[in-house]
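Could you use the hints to bring the two separately framed chains together as a complex?
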Amino acid sequence: MTTTAKKNTTIADEAPAANVPVRCLPWQRFYRNRSAMVSIVVLAVVLLTCLATLPISIDQYQLQQLDFNRQPPRIGPVFAPFGYDLLGRNLLWRCLFGGLVSLGIGLAAAAISVTIGTLWGLTAGWYGGRVDNVMMRLVDILYGLPYILMVILLKIAFEPMLIKLLNNVFGPGHERVANIIILFVAIGSISWLTMARVIRGQVLSLKTQPFIEAARAMGLPTRKILLKHLLPNLIGPVIVYATLTVPQAMLQESFLSFLGIGIGPPIPTWGSLAAEGVKAVNTVISFWWMVVFPSAMLGLTLLCLNFTGDGLRDALDPRLR
Amino acid sequence: MWRYVVKRLFLAPVVLWVIYTVTFLMAVIIPGNPFKTGERNLNEDVQLAVMAQYHADDNWLLYREYLAGLFRPIQAIRGQGPLIDLGPSWQYCDWTCNQIIGSALPVSVGLGLTAMFLATVLGVPIGVISGIKRNSWFDYTSLSLALVGISLPTFVTGTALLILFAVKLAWLPVGGWGSISQLWLPAFTLSLPFMAYIARLTRLGILDVMASDYIRTARAKGLAPWRVVWKHALKNAFLPILSYLGPATAAALTGSFVVEKIFNIPGLGEHFVASVLNRDRAMILATVLVYSTVIILFNLLVDLTYAAVDPRINLEKQ
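Here the protein sequences line up with chains A and B, keeping their order.
In terms of my numbering, the first sequence has 217 at position 135, counting the first letter as 1, and numbering is strictly consecutive.
In terms of my numbering, the second sequence has 327 at position 293, counting the first letter as 1, and numbering is strictly consecutive.
Where hints are given, some of them may not hold.
Unchecked claim - Only some residues are given here: those of chain B computed to face chain A with a beta carbon under 7 angstroms:
| # | residue |
| --- | --- |
| 1 | V52 |
| 2 | L181 |
| 3 | S185 |
Stated by the list, open to error - Residues of chain A clear of chain B, computed beta-carbon distances all greater than 12 angstroms:
| # | residue |
| --- | --- |
| 4 | W109 |
| 5 | F112 |
| 6 | T135 |
| 7 | G186 |
| 8 | Y209 |
| 9 | N250 |
| 10 | F252 |
| 11 | H256 |
| 12 | E257 |
| 13 | P292 |
| 14 | Q330 |
| 15 | P348 |
Treat the hints as calculated values from the structure; they're not laboratory data.
Just so it is clear, CB atoms sit at the ideal spot from N, CA and C, and this is done for glycine as well.
Just chain B, with the same shape it has in the complex (with noise of 0.2 angstroms):
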């Protein structure tokens, strides 16, 4: 187990570094820079300094410096800075890169659990109910809203959801971000296309395990029904589930964009699209970086917990 976490940690930095690579060639890529907008031009020389003091000049130094500069744990130690440095932005003079996410990435990761954690809480008994009461009303209709939910854009049932929640019955406020009552809406929002999955995974899942021999055994000696299912069905059945939550998490975190813009957030989504838009290269960089990492650690953590919950798996061999 400890030698899997290890080698999968080790790896990390090569997949990053992948990632790094393909990233930094698309930045590249995209003409025009920030220090010549065409508008508000500086004096020709000054130009050229900052762009030399950006390293703007020249993609190969900066594809070196940028990357060396990330890991800087001697910095740390001696308490000079932090230790990773994903630099100055090109966009915003007054900010580093670190600021900015450090501002924005734990109101993106606090949306995205949540809206995760609604799914899997709202989306898991919604399946083991109608995977039980297969083709009753509850089961068509679950289904059908599930599907609805994966149908609509997040923009459409986010704008519905607010003008019924927040304008027409002014239960909760139409947006904005720092209390819990702001919380719900765009997380609830969120949540809806991964709580669908979610139900139809579990429905399917429970419809698979009650077939089983061993549900037969637990039904025979004469446990509750709810028993059999909560203690015994579940636990099979959420293993799909369980490895469809680190992707979708993934998705959760990185696609909450939409819903911040709707609900007016002041998450990492915006500065990712103002960056690309920008020519914003080290912000470009720092976004990617940071999300993959995100994403990165989110697939080894629901590996593990895989690996812990079904005794069948054995990680060394993989």
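Next up, chain A with everything else stripped away, as it sits in the complex (with noise of 0.2 angstroms):
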């Protein structure tokens, strides 16, 4: 009983402080925090094996050698640890390539999920009254729609329209770039919403504060109020919340494409890469490696995405959970 009582008593002393003390600056807080850290050093490696080894993956990702086909891993005489998939493409360049071209849906989505968000919240919170009403009935409604419905109404119905916009632009050959950035601005136009909501809860504590009273008071423009003494404050929570968009927006480009609705193929994604991995699993033989391999990079770079958002968020703003 008294071990117990005494446990409970340091639960109780410890819990509000989340591990490390308040008091330190953000980035040492952050620093302290050992699994951020190691996600952030397995993230950076990550990122950086794949672009060291674009220049060898772009040329190797879709070159097929129907010999190989289906070939389990081996390191020599070829080298191809991570074996070979269907078509007999050598699955360690399509996976390099591919955690690029993921990475960067997942970027992208957090960029237009940031720029939209943050614009959104801003205005939402900052003019209030009728503004913020309609504003934020709007984030409710898209908040019930079913968004991966969306998400893939979206993307078909704008595909072909991008595609002839960019053929009549650009000269015809436009049909990949019009696919992956149909699929960019699917996924961030609806992740937004969350950002849009944290941003206008923080500028509507923010905006009572004295120091914007004191702008005020000073004569000085809206403008150079909210992009010189509100945005500075609301990095904290936009780092926070785009870091965790990367992760979001990944695994639903990896939901696209188990439903044949991705980026199209030739280009590798993780995602893509695993769903046709899930594709060639069967009772009979298992090809495991074309599982195994991309969804083991996809979610390493997931978890380590997702603990760097939470030691960002404990490290920025403790009390926001």
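Here is the structure:
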């Protein structure tokens, strides 16, 4: 009994501080968060490996060697530690190249959601009243949409239009570019809602602070107050939610790939590679390497992104959880 | 309380109308239509007649007719047809959307609700234990597993579970729908990311609550430790979970396509993807409307439960 009581008191004393003292600077708090630091290092290694091998992988990712199709992993005489896929393509290069595409999708979606979400939340929170009411009701409605359905609809509805537009402006042959852009936009345009809500909440509480009132009293124009005084104070939540949007977007891309409406072949992504691998699984012969390696890379990256996001959240705003 | 419910219920048709309009616009933008596929084409005149019958030739007419035909109380009272009429499917001429959704929706809802049940029943205790035994091996293992659950796409975890439990161990059937034993694997797969999130929320909630004064009081008056946790701490720690359950249930209901596809379950997800690919406008509208209604109802239900559990929340003032 005494031991449990003692244990419980320590829990009670530590609980609000989330592992590290609140008094440190944010980056120090982040620095002390072991899992987040490890994650950052792993992410950097993955990203650098993908980037460093780009000159090779961009040549090799769609090279088909039909003699090698469905061959298991091997180190020599040909270097293929991840094995070969159904069409005899070396999975190592496909995974490395696909990683860049996947990460690109995640980053693009995050960029879109930061831009729209921040502007939306800032406007709604700053002007308040009826503007706020209308804008946030719209966010509520969009929240009520079955959003995977919307991503699918957006993608299929606007892709042919964009292809036509790009082909008219830049000449023929832009199908793949349009395919990728529309995927970015479809995923990004759904993921800004949480960002908008969080930013609005922050703006509402910041708006009443004395320093904003002082800026107003000095007669600063609204644009300056927003850009110079409000935005810098919003950077914390923006970074946190942007980091957490990246894994979300990458997961959504993998679902779209699984349903056959992601990025078109032959361009690989971790999601589409894993989906191809899953489809190749059967009870007679398991081509385990086709599933395991892409999913492991996807899973590892998402895990690290989630850890980093959580770490940033703890560091930048301990009360925001 | 009741005024709030009525207000929300009156607002729901407006929200549905906005959703209908947005979906309609996108469905119209998708090029191509199912009556001009290019293969086995009908005679020109017949094609025009068929398109006129479905209002496929006039978007504005289709928009009005479909909306006007949706809700038919008089017809329902007279017993001449369904109350909600989602129209005939453009792709499967022998079926109405009502029939397709009537057969597929219960499957998706059953799967989604079972998944949410599993997620709550397993996620909350895991979160409570790792919250109390903070920084123990159980805490670290469950947290890492939870993050893995969030970080892997369901088609990978689903396939892994399928191979393990259905093929190697042969404890459960590989797929299909109709018996309880066929429900467990897909429901568990679908529940994994939600379970992980619920466990994390519970852990954080417990950590916060255990530091508060009233828990110290409860412990000081000599209550058994499990009683302090289950009766006092969990009640407050459960609030954030409850507010997460609404959107999560909605996501489980709508996001079940992937799981349905892996386990070969005749749910609504397959129909939605097929309807978009077939340009079956009536079916696209019908699926989106049905899904949105389900989501709206669940969000309302959660808000009401929230108010019922937490007396501090006053819905009238919101």
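Non-interface claim for G186/A versus chain B (Cβ beyond 12 angstroms): holds (18 angstroms)
When the least beta-carbon distance from V52/B to chain A is tested against 7 angstroms, hint result: holds (6 angstroms)
Whether Q330/A stays farther than 12 angstroms from all C-beta atoms of chain B, as the label says: violated (10 angstroms)
Non-interface claim for P292/A versus chain B (Cβ beyond 12 angstroms): holds (28 angstroms)
Restraint satisfaction for L181/B [CB to CB of chain A, less than 7 angstroms]: holds (5 angstroms)
Restraint check, 7 angstroms cut-off on beta carbons, for S185/B near chain A: holds (4 angstroms)
Minimum Cβ-Cβ distance from W109/A to chain B exceeds 12 angstroms: holds (23 angstroms)
Non-interface label on H256/A, tested against every C-beta of chain B at 12 angstroms: holds (17 angstroms)
Status of N250/A, Cβ more than 12 angstroms from any chain B Cβ: Non-interface label stands for N250/A: nearest chain B Cβ at 15 angstroms, farther than 12 angstroms.
Separation of F252/A from chain B, once the least beta-carbon distance is taken, above 12 angstroms: Given a closest Cβ separation of 20 angstroms, the condition holds.
Exclusion check [F112/A not at the chain B interface, CB over 12 angstroms]: holds (18 angstroms)
No chain B beta carbon within 12 angstroms of T135/A's: Given a closest Cβ separation of 23 angstroms, the condition holds.
Checked against the numbered hints above, the structure violates only hint 14.
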